[in-house]
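> One letter stands for each residue in the lines below.
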Amino acid sequence: MKASNPYLQDLTKGIVKENPVFVALLGMCPVLGVTAFIINGLGMGLAATAVLIASNLVVSLLRNYIPPQVRIPCFIVIIATFVTIIEMVLKAFQPVLYEALGVFVPLIVVNCVILGRAEAFASKKPVLRSLLDGIGMGIGFTLALVILSTVREVIGHGTILGPDPESTIHLFGTNFEPMALFAQPPGAFIALGLLLAIVNLIFKRFNIK
Amino acid sequence: MRDILRLSITLALVGILSASLLTYIHGVTAPIIAERQEAEYRQALELFFPDFDSFESEQQDGDYFDLIYDSSGNLIGIMSTIQQQGYDGYITYNLAVDGEGVILGLLIISHSETPGIGDIITTDSFKEQFIGKSYEDPITAGEDVDIVSGATVSTSAMISSVRRVAGVIAEKYLGQEKDIIDIAAIPDGIYQGSAPGLAGPLTVVVEVAGGVIVSIEVLEHSETPTYFIESYPLIPERIIAEQQLDVDTETGATLSAESIVDAVRAALSGALEEEGGGE
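Chains as they are written, first to last, in our numbering: chain A, 1 to 209; chain B, 1001 to 1279.
Chain A with its partners taken away, still in its complex shape (with noise of 0.2 Å):
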């Protein structure tokens, strides 16, 4: 993991070194709310990427206009800006997965990996750098909960690509009896928690620091 190109560094702190998720532990929320079926998760984390890269990108072209004493009611003006637009855009064109993620669209507005990387990364470096650093965060928060909902939607549900009946693989069968608590909101800490503890054993292992 020697990358010393910055750009390249940029696009790739996200997804492992620095993972939004199981090394910031930032953006919990959606996380925990909306990783029951692993359709949600990716659903989520591709709006909170889609918000996170256009954020990132509007915030870096006018870090140099807006006055450091009002930066943070600017920031949260773009993101929800942002916010809605996935919203519309998402009740338009994808009603099932609207309904799934329900208030946790909106939510995206106070996900702090999105207000953290605006307010760490985009407001001090050029907007190519801010770009591929929202990219990068996007996909390591998708990566996080898709591995999460994987885990939850497997035992908890006992099938993948779940709940549309159309696309729902039965794993063990359609008489197998799921455990239902990592379906529910207690089973979402249980599955993060392992999933951290199992994350920082790999980067020890590896010397990932």
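Simulated from the structure, these hints should not be mistaken for laboratory data.
All C-beta atoms, glycine included, are put in the ideal place defined by N, C-alpha and C.
Take the hints with a grain of salt, since some may be wrong.
The calculated label-pair distances, taken between Cβ atoms and stated as ranges, are [as the list claims (entries may be wrong)]:
no., chain 1, residue 1, chain 2, residue 2, range
1, B, 1085, A, 17, 45 to 51 Å
2, B, 1043, A, 207, 55 to 61 Å
3, B, 1205, A, 173, 49 to 55 Å
4, A, 17, B, 1013, 34 to 40 Å
5, B, 1244, A, 173, 54 to 60 Å
6, A, 166, B, 1030, 26 to 32 Å
7, B, 1064, A, 73, 39 to 45 Å
8, A, 99, B, 1067, 25 to 31 Å
Following the hints, put chain B in place on chain A, whose structure we already have.
Below, chain B without anything else, positioned relative to chain A:
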């Protein structure tokens, strides 16, 4: 001073830009959303009413009823959109009833029941047990439909709600008037009657003296206690005050209130039948 001006102008500019962008996107997506929702509803209508041609909407105490007509203008059924308090938040569903008052099916639109437990209400095996039932059937847990153990609250809420809506439709739109009971014709005495409640029968004792209802006591019930106090003793008081059964049941516990009224009706009509049988 100049600083404050600069800050305000920046914030205002960001706000104006954001608002204009959103207005534009809203203008693009709003018609698509409206069209899609209407198409979805029409699809649901066609599922239950293949001959459907047009409909007429009515609203009744927070419930929505669409009267469905075929191409020659005959009323072929009613599609209702109902919000029912479930275990966790509201369950919104459509109940389709044909022109004879027979349930064609129900469609859960949205709910927030516990995943893996209460969401059993969305399964076909739960929904299908209502098909073919009518307002004349008991639609009561343990009699002709089943609650699901582990999801008692969610399933019994749905059962009570379907029973209520089927009754409302039969009464309001299909002309199935409930008999008006002539209280003055009831001989003095104490009468007992039951009606289906939320999770079991609700039994009342009604005392009639001199052609007037004197007292109404609930003997047994299995309503949710915290809600039940919203209806009892309020509903018996209303019945006694008005001396008729068509009282306003809009309380914090409308379902329980209607069960009380039905139980009183059962007691009084039982009394009249006894009387009639003796002659």
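> Find the hints from earlier in the document that the structure breaks and name them by number, from lowest to highest.
none
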